[in-house]
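With chain A held as given, fit chain B onto it using these hints.
Going down the list, the sequences are from chains A and B.
Here the first sequence is numbered in the UniProt record's numbering, starting from 1 and rising by one per residue.
Here the second sequence is numbered in the UniProt record's numbering, starting from 1 and rising by one per residue.
Derived from the structure by calculation, the hints contain no laboratory data.
Heads up, some of the hints might be wrong.
[As the list claims (entries may be wrong)] Covered stretches of chain B, as calculated for chain A (at least 3 residues, CB under 8 Å):
1) 109-115
2) 147-156
3) 167-178
4) 184-190
[Unchecked claim] Cut-off 35 Å, straight-line C-alpha distance, at most; resulting in silico cross-link-like pairs (DSBU-like, lysine-lysine):
5) B:Lys5 <-> A:Lys125
6) B:Lys125 <-> A:Lys114
7) B:Lys114 <-> B:Lys101
8) A:Lys101 <-> B:Lys125
9) A:Lys6 <-> B:Lys125
10) B:Lys101 <-> B:Lys125
11) B:Lys18 <-> A:Lys114
12) B:Lys114 <-> A:Lys114
13) B:Lys125 <-> A:Lys125
Even glycine gets a Cβ: it sits at the ideal position worked out from N, Cα and C.
Protein chains: 2
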Amino acid sequence: MRPTKKTQILWAAADLLKEQGLQALSFEGLAAQSGFSRQLVRYYYPDLEGLVSDLCDHLAGTYRDALVAGIVEVGDVERLDFFLDFFFDLASDHRMPDNLKAYDAMFAYAVGSKRVRNRMCDQYKTLGQVVSHELGIVHPHLDAQACEELSFLFVSLMHAHWSFVASLGYSREHSRLARTAMDRLITSYVSDSRPAAAMQRPWDRDG
Amino acid sequence: MRPTKKTQILWAAADLLKEQGLQALSFEGLAAQSGFSRQLVRYYYPDLEGLVSDLCDHLAGTYRDALVAGIVEVGDVERLDFFLDFFFDLASDHRMPDNLKAYDAMFAYAVGSKRVRNRMCDQYKTLGQVVSHELGIVHPHLDAQACEELSFLFVSLMHAHWSFVASLGYSREHSRLARTAMDRLITSYVSDSRPAAAMQRPWDRDG
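Chain A on its own, in the form it takes in the complex (with noise of 0.2 Å):
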């Protein structure tokens, strides 16, 4: 199947953030990256920051086909492991697509923008719900909340491993770090789920 433009579009703009930064994003740099006309670009994206909004999508997209491609191997205890192993890159044979840099740009871009900030959130909210699934079905007698607890420290850890290394340059290898923290938590959360103090509701936003 043949990518519509508007996938096109996409990939460009992924490259385009890759390669030059957020500073190059423009529909002249988006027509030079993808080969169409300025006009053909605005055609299908009047505005740039529905571009980043669907750009948002794209990623989290590559991230889930890559991650997919992988769990069709693992069976159903091991896929907790898998996923985390995967969001830190630690599955060997199932690396994370190289968008870190386009991803960067575009978490920069999401705090002058409310529509790319809450699809952000949407990615992450899911993410979260499916790593909280998993946990569910390997730690059976985790409640909801411990598993929503532990799934906000996920993708918080994740986020800050992945800023660490593309916005200041610290070393990929602290993502073993990380992941054996997340080990460290569930067993704590295994041996002992009382929630955090006052914290009813993880993954909660205030605007």
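Then chain B, alone, in the frame of chain A:
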């Protein structure tokens, strides 16, 4: 003691970023906010990158001052908890200075500036060293590697927390979740301090 003109310019920069965000950071904006002439601002800070670098140290200094004001009241053993509480803004008598939006803008600036990035990493590393030191006092059986791993995880969780609150709008209540996770991790390391496999040197940077 009257603040120096340089300090007053940094105050103006922090206010500007808080109220209007990164796009408002210009010599014109700084002149209007500080009440100094554009020429005077440029005399002290010929380029904005140097100003944002100094702003990084300035903001870290405001956190340190508030922290030190609280530390004189607590003993050796409570000091670690006070530290961890403080940086999640859970030390009720000693609140963190509300520079969150300025901090967030500075972080976005760091993505494009190696100089600011290095300055931020220096501040994070200093914070990590202090936490590492305090961990060693409270838990003398933890070795240096374990303390460094825990300090890196603390800075990661703190960074993720404030980034989620400032950039993505997650509720500040998640601070309790992250703070409790730190206690769980410390307990876990105290009972089993095996280091994360193949992560020899926490805080390493590639570039």
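Each hint, compared with the structure:
By the rule of at least three residues with a Cβ nearer than 8 Å to a Cβ of chain A, the coverage given for the segment 109-115 of chain B holds, with 3 such residues. Coverage of the segment 147-156 of chain B by chain A holds in this model, with 4 residues showing a Cβ closer than 8 Å to a Cβ of that chain against a need of three. With 11 residues bearing a CB less than 8 Å from a CB of chain A, the segment 167-178 of chain B meets the requirement of three and the coverage assertion stands. Counting residues of the segment 184-190 of chain B whose C-beta lies closer than 8 Å to any C-beta of chain A gives 5; at least three are required, and the coverage claim holds.
Straight-line distance between C-alpha atoms of Lys5 of chain B and Lys125 of chain A comes to about 46 Å, which puts the hinted pair past the 35 Å bound. Straight-line distance between C-alpha atoms of Lys125 of chain B and Lys114 of chain A comes to about 32 Å, which keeps the hinted pair within the 35 Å bound. Simply put, Lys114 of chain B and Lys101 of chain B have alpha-carbon atoms about 21 Å apart, close enough for the 35 Å limit, and the pair holds. Only pairs whose Cα atoms come within 35 Å are accepted, and Lys101 of chain A paired with Lys125 of chain B is accepted, the gap being roughly 23 Å.
Taking the CA atoms of Lys6 of chain A and Lys125 of chain B, the gap is near 43 Å; set against the 35 Å cutoff, the hint is violated. Distance check on the hinted pair: Lys101 of chain B and Lys125 of chain B sit about 22 Å apart at the alpha-carbon level, within 35 Å; holds. Only pairs whose Cα atoms come within 35 Å are accepted, and Lys18 of chain B paired with Lys114 of chain A is accepted, the gap being roughly 17 Å. With a CA separation close to 28 Å, the supplied pair Lys114 of chain B and Lys114 of chain A stays within the 35 Å bound.
The straight-line distance between the Cα atoms of Lys125 of chain B and Lys125 of chain A is roughly 31 Å, inside the 35 Å bound, and the hint therefore holds.
Consistency note: the structure conflicts with the earlier hints numbered 5 and 9.
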